[in-house]
Amino acid sequence: MNRLFCCVLGMCIGSFFQGLRAQNSIADHVVISEVQIAGGSAKDEFVELYNPTQTSIDLSGWRLTAKTSSGSTTKNLVTTFPSVMIKPYSFLLIAPDEYDGPVPRDVAYSTGSTISSNNTIILYSDNGVTIVDMVGLGTATLKETATVANPVADGSIERKASAFSDAASLSAGGSEEHAGNGQDTDNNAEDFVQQPVSRPQNSSSQPENDQPIPVQLVSFTARYEDGGVRLQWSTATETENYGFHVFRKDDRDSDFRRISGQIIPGAGNSSRMRTYGFFDEDVVSGFRYMYRIADVDFQGNMTLHEPVTVIADAVVPAAMTLEQNYPNPFAVAGSQGHASTTTIRFSLGKAGPVQLAVYSIDGRRIITLVDEEKSAGDYRVVWNGRDEAGHAVSSGIYLYILKLSGFQVSQKMLVIE
Numbered sequence: 001m002n003r004l005f006c007c008v009l010g011m012c013i014g015s016f017f018q019g020l021r022a023q024n025s026i027a028d029h030v031v032i033s034e035v036q037i038a039g040g041s042a043k044d045e046f047v048e049l050y051n052p053t054q055t056s057i058d059l060s061g062w063r064l065t066a067k068t069s070s071g072s073t074t075k076n077l078v079t080t081f082p083s084v085m086i087k088p089y090s091f092l093l094i095a096p097d098e099y100d101g102p103v104p105r106d107v108a109y110s111t112g113s114t115i116s117s118n119n120t121i122i123l124y125s126d127n128g129v130t131i132v133d134m135v136g137l138g139t140a141t142l143k144e145t146a147t148v149a150n151p152v153a154d155g156s157i158e159r160k161a162s163a164f165s166d167a168a169s170l171s172a173g174g175s176e177e178h179a180g181n182g183q184d185t186d187n188n189a190e191d192f193v194q195q196p197v198s199r200p201q202n203s204s205s206q207p208e209n210d211q212p213i214p215v216q217l218v219s220f221t222a223r224y225e226d227g228g229v230r231l232q233w234s235t236a237t238e239t240e241n242y243g244f245h246v247f248r249k250d251d252r253d254s255d256f257r258r259i260s261g262q263i264i265p266g267a268g269n270s271s272r273m274r275t276y277g278f279f280d281e282d283v284v285s286g287f288r289y290m291y292r293i294a295d296v297d298f299q300g301n302m303t304l305h306e307p308v309t310v311i312a313d314a315v316v317p318a319a320m321t322l323e324q325n326y327p328n329p330f331a332v333a334g335s336q337g338h339a340s341t342t343t344i345r346f347s348l349g350k351a352g353p354v355q356l357a358v359y360s361i362d363g364r365r366i367i368t369l370v371d372e373e374k375s376a377g378d379y380r381v382v383w384n385g386r387d388e389a390g391h392a393v394s395s396g397i398y399l400y401i402l403k404l405s406g407f408q409v410s411q412k413m414l415v416i417e
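Each residue of the sequence shown is one higher than the last, beginning at 1 in my numbering.
To be clear, the hints were calculated from the coordinates, so they are not data collected in a lab.
We put the CB at the ideal spot given by N, CA and C, even for glycine.
Just so you know, not all the hints are guaranteed correct.
Stated by the list, open to error - In silico SDA-like links for lysine to any residue, alpha-carbon gap of 20 Å or less: (1) 249 with 239; (2) 403 with 360; (3) 403 with 375.
Unchecked claim - Simulated DEER-style distance windows between Cβ atoms: (4) 268 with 288: 51 to 61 Å; (5) 194 with 407: 24 to 34 Å; (6) 362 with 76: 47 to 57 Å; (7) 307 with 349: 51 to 61 Å; (8) 61 with 186: 16 to 26 Å; (9) 407 with 168: 38 to 48 Å.
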C-alpha cells in the first residue's frame, strides 16, 4: 500500500515572497523576444518581436536600431516600420534582405546595418521617440540593468516565458515551448537564455498559448529510503490547480500507470512556493523506477511533467551527511554595509572525490566550494554569497549539493537582501 503524505510547506517569509512574485513579470508591451547576430553572413541574422498582450498592436512609425558598444553610433535597422500589426500572443520577424532562415521574414532591413557583438538593440514607438524595449549584448554600455552574453555561433538569445525558464523548457517539446516569451524584469541578463540553435518565428507562426501555465514546477526528486521511494516536488506558482496524480513505471512496465489512489490536493491559486510529497512503499529491491507527476486543473485537464528515475537500494552512505547552512536565511554579502557569510557543515563516512557546489533553483551552477579528494571526517565551508566571478548573488532560493563517489545529498538555503 502506498503511504501518502502531503506537506504543503508555505515558506512564509513575507519580504522574500514579494521578491519571488516579482520575478514572474510578464510585459504589457511588445518585446524583443529573440536575437541572432550575423554568423558567417547576414543570412543568419534576425530580430524577433513578440506581443504578450491580448490586443493587436500597430507598429506604424516605430523604429528599430542597433547601437555600438559605446552607444555613440546608431545603425538604423528599420527607420520607420510600415503599417504592420502584431496580433495578440504573436510574433514579427525582422531580418536583412539576404536572410535565408527556416521561416520567411515579415520586415526587411538593409544589410549595411547588421547587428554585431556587444551591440544594443532598441525598439522605439512614437516615431522613434519612446523606448519600448532594449537589449544589451556582451559589453554594451546601454542595457536594461545588466547585459546578456553575446549569442553563440549559429545560436541566439531567447527571452524567457517565466522566471524559471531555461533553454530546454523553451525548446521544441519543452514545457514552455508555447508559453510565450513575455518575461520582462528590465534585466537583460535575467530575462534571456542562450539557445545553441536559433528557432525564429514570424507572423504566420502559431500564436502562443494565452492561458497561464497551470503549475510552475521548480523541483522534482525521488529518493530511496526506509524500504520505499520518497517523492518530493515544489511549485513556484499554481493557477486553478485542483491537485496532483503520481505515475510510475519500472523495468517490467512499458507504460506509466497511476499509483496515487486519490488526488493530492493542490493550492488552487498561489504565488508562494509550496512543497508536496508522496511515499511509494510498493517497490522491489534492485529495480529501477521512473516517476512522473501530473497537475490537474479545476476543469479536469491534466498536464504531465518530466520524469525522474531512482534505483531501489541506491542508498547514500549512512555517514555522509549535509547539514542545514547557518545562518539561514543570510544577507547578500555586502548588501547591508557588512560582509555576511553562511557556514555549511558536512560529514564523510569514507574517503573519496568530493564536490560541494551552490546552484540556482533552475539548476545553474553558481560556485564550486569544494572539488578535491577528502578523507573521512567532519568539514565546514564558509560561503560569502558571491559567484565564481566574485559578484554578489541575487536574493532567492539556492541549492547546495554534496557529491561523493556517485552519491549526492542536497539542502536549500535562502539569500535575502
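Checked hints:
1. 249 with 239: Distance of about 28 Å is beyond 20 Å: violated.
2. 403 with 360: Distance ~17 Å between residue 403 and residue 360 Cα, so the pair holds.
3. 403 with 375: holds, 14 Å
4. 268 with 288: 51 to 61 Å: violated, 35 Å
5. 194 with 407: 24 to 34 Å: Because 31 Å falls inside the window, the suggested range holds.
6. 362 with 76: 47 to 57 Å: At roughly 37 Å between Cβ atoms, residue 76 and residue 362 fall outside 47 to 57 Å, so the hint is violated.
7. 307 with 349: 51 to 61 Å: Hint violated: Cβ distance 30 Å, outside 51 to 61 Å.
8. 61 with 186: 16 to 26 Å: Because 24 Å falls inside the window, the suggested range holds.
9. 407 with 168: 38 to 48 Å: violated, 25 Å
Checked against the numbered hints given earlier, the structure breaks hints 1, 4, 6, 7, 9 and satisfies all the rest.
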